Each structure stands twice: as structure tokens, then as C-alpha cells.
Amino acid sequence: MRHWRHPIALAAISLLLALVCTPAVAHSGSMRGGFGGGFAHPLFGPDHVVAMVAVGLWGAFLGPSAIWLLPIVFPLVMAFGGVIGILGVPLPGIEIGIALSAIVLGLMVLLAARPPLAVAAALVGAFAIFHGYAHGAELPPGADAVAYSVGLVVATGLLHLTGIAFGQLARWPAGRMAVRAAGGVIALAGVAFLAAAR
Amino acid sequence: MSAFFSGLVHPLVIPAHLLALLALGLLIGQQRAMLPPLVGFATALAAGLTAIALAIGETAALDVLLAATALAGVLLALAKPLPTFLSTALAAIAGIALGLDSPPEAISLAAANATLVGTGLGACLVLVLVTAAAHCLTRWWQRIGVCIVGSWLAAGAILVLALRFARGLMF
Chain A
33 MRHWRHPIAL AAISLLLALV CTPAVAHSGS MRGGFGGGFA HPLFGPDHVV
83 AMVAVGLWGA FLGPSAIWLL PIVFPLVMAF GGVIGILGVP LPGIEIGIAL
133 SAIVLGLMVL LAARPPLAVA AALVGAFAIF HGYAHGAELP PGADAVAYSV
183 GLVVATGLLH LTGIAFGQLA RWPAGRMAVR AAGGVIALAG VAFLAAAR
Chain B
2 MSAFFSGLVH PLVIPAHLLA LLALGLLIGQ QRAMLPPLVG FATALAAGLT
52 AIALAIGETA ALDVLLAATA LAGVLLALAK PLPTFLSTAL AAIAGIALGL
102 DSPPEAISLA AANATLVGTG LGACLVLVLV TAAAHCLTRW WQRIGVCIVG
152 SWLAAGAILV LALRFARGLM F
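Chain order of the listed sequences is A and B.
Add 32 to a position in the first sequence, counting from 1, and you land on the number used in our numbering.
Add 1 to a position in the second sequence, counting from 1, and you land on the number used in our numbering.
Simulated from the structure, these hints should not be mistaken for lab results.
It should be emphasised that the depicted structure is a prediction, and the values quoted were computed from it without experimental measurement.
Mixed in with the good hints there might be a few duds.
With a straight-line cut-off of 25 Å between C-alpha atoms, the simulated SDA-like cross-links for lysine to any residue are [as the list claims (entries may be wrong)]:
#, chain 1, residue 1, chain 2, residue 2
1, B, 81, A, 149
2, B, 81, A, 148
3, B, 81, A, 153
Pulled out of the complex, with its shape left as it was, chain A reads as follows:
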């Protein structure tokens, strides 16, 4: 009976985090400034949501060191992408890059791929630039800089934690199937985003 407690607790935490992070309805570019605006921005784009969750899910397959490395690498590189976006430096294929991030990261989860940690970090970091650029470029002009940035980063981190929490189900055979299936769904969603971006 005791070994049932962990998956149930993990599933409950995943559900709670998913409920907090669910309202995804595509880029509108019209979010208000402040913490709420920054917090809502990653959540108001399903392409961002699935990619962030995929980062957490993949971390669970890659092992304990990846669970902490990927959520650390992503915000730092995303900030670099955000700086490029804020400064208006042209970067082609942003939406395509974001859609590809969902496809590739979803496939990594689906296939339970375990490349060297440096390769995984480089891949996640490369996609983080596209996500950060989109956040930076779509920043409302009147936003409170500090509150907006903190909201943006915290929401991104919570999406990662959602993926990590759900990914912990991979410790059990049935949970592993569920996590890999979630990767497949994310990859399919990425294909839809790619079709819409072209």
C-alpha cells in the first residue's frame, strides 16, 4: 500500500501545477505590464507551455543531474534571447524555432532519449533563445520592468516544475508510458504549431 502513496502524491502535485498553468490560448501580444502580465505571458501561448513542460519531462528521463541542470540553463539562456528581442536585433524564424522546440523536445521524451548531458543542455539552450526572444519582443511598452521580468521567469520555472513533477511518474512502468505518451502529444502539438507558423 505504501508504494502507492508516491505516485498518487506526484500525480496530485502535477495536477495542481497544471491547473495553475493551464490557460493557454495563443500569442495575443496584448498582456498588461507588471508581475501579472509577465507571469501570464508564457502561459498564454500553448507553444511555450508545451515546450517548457517538455524540458521538465525530459529532465526526468535524463537523470538527477539533468533535473537541476536543464531548469537552470533554460532561464539563463532565455534571458539572453530576451535581451536580443528587447533590443530588436533581427532573428529569423522565431515561430518556427519555437514549434521545432516542441517537436524535438517532445520526441526526446517520447523516445526516452538519453544523450550526454552537455548535448541535452546545448539543445535546450538553443531553443531557449527562441522562446526568450519571443518574450522580449512582445513586451508591452508600459510594463513595470522588474515585476514583469520576475513574473515571466517565475511562470517559466513553474512550467518546468510541472514537467519535472509529472516526469517523476517515470519511476513506475505505467507512469513511464504516460510520460512518454505526453512527449508524443507534445511533439504532435509542435507539428501543428509548425504548420500554423509557415
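The hints should help you fit chain B onto chain A, whose structure is shown.
Relative to the frame of chain A, chain B by itself:
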């Protein structure tokens, strides 16, 4: 008395100051030598607040504070032991920047001074509390959490610096 209390809560209500204190406190709590950076911060903060009391002009204090926050966040994420002089220097830079970025809104001289004293005590109190809390986080997953928070703080500070630059607000 209200001027003192408004100063006391000042570091908590200014997001950039709170971010800096969180990043610095977590970083100091991650290190073996905690006293030198804490003393360095308090001394530099007192110097910054004194300069404000002596009506120093506009400075780049906020930008320096954000840069110090970003650096502290990156160092937190790396989770490596730092030389004491480096953590003390970073704490001192953050302290003086925080002090210079805390001009009181009070009209009378007495109220302004009370606000500055409150700000100094409030900032030191927050830093000591965060440092003590961080020092107690010894389990592996707690240390990982601190690293992740460090990367969030660094990312937030970097984005704010870019925004300030793009809007022409940087000193």
C-alpha cells in the same frame, strides 16, 4: 516613527531591492565564510545611505544593483565556493548601490534621517534572515532549489537591465 517604519519596509516593497537581497543572501548562505560579506554589506550600505543624507546627486545605483543581482544569481546557480574577498566585494557593491538607490521621500530632515536609518536596518535584517535561511538548506534537493532560484533571479535581473537600456533609462 512612521518615517522609520516606512524606511524599514522599503527594501521589501521595492522589487529590485528585494531581488538583490534575495540573491545576495542566498549566495552568502551558500558560502563557508558568511560574516565578512555581511559586514561588508552593512558597512557599504551605511556609506551609501550617508551619501544620500548628504544629498549626493543622481547615480547609476539601480543599474549597478541589478548587475550585482545578476552576477550573484549566476554564482548561485554555479554553486561553487567563492573566495571570501569576492563575496565580500560583491556584497559591498550591492550594499552601497542599495543605499544610493534609497532616497527618502520625507520632507523634513528628521523624518528623512529616520527613513534612512529604517532602510539600513530593514535591508540588513532581510539579508541576515535570507542568509540564515539559506545556510539551513543542506539537503541536496534544497541546494538544487537554491541553484534554480539563482538562475531565475539572474534571468530577471538581466532582462530588467536590457529593458532599461532599450528604454534609455540606464544611467
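Hint check results:
1. B:81 / A:149: holds (19 Å)
2. B:81 / A:148: holds (22 Å)
3. B:81 / A:153: holds (19 Å)
When held up to the earlier numbered hints, the structure conflicts with none and fits them all.
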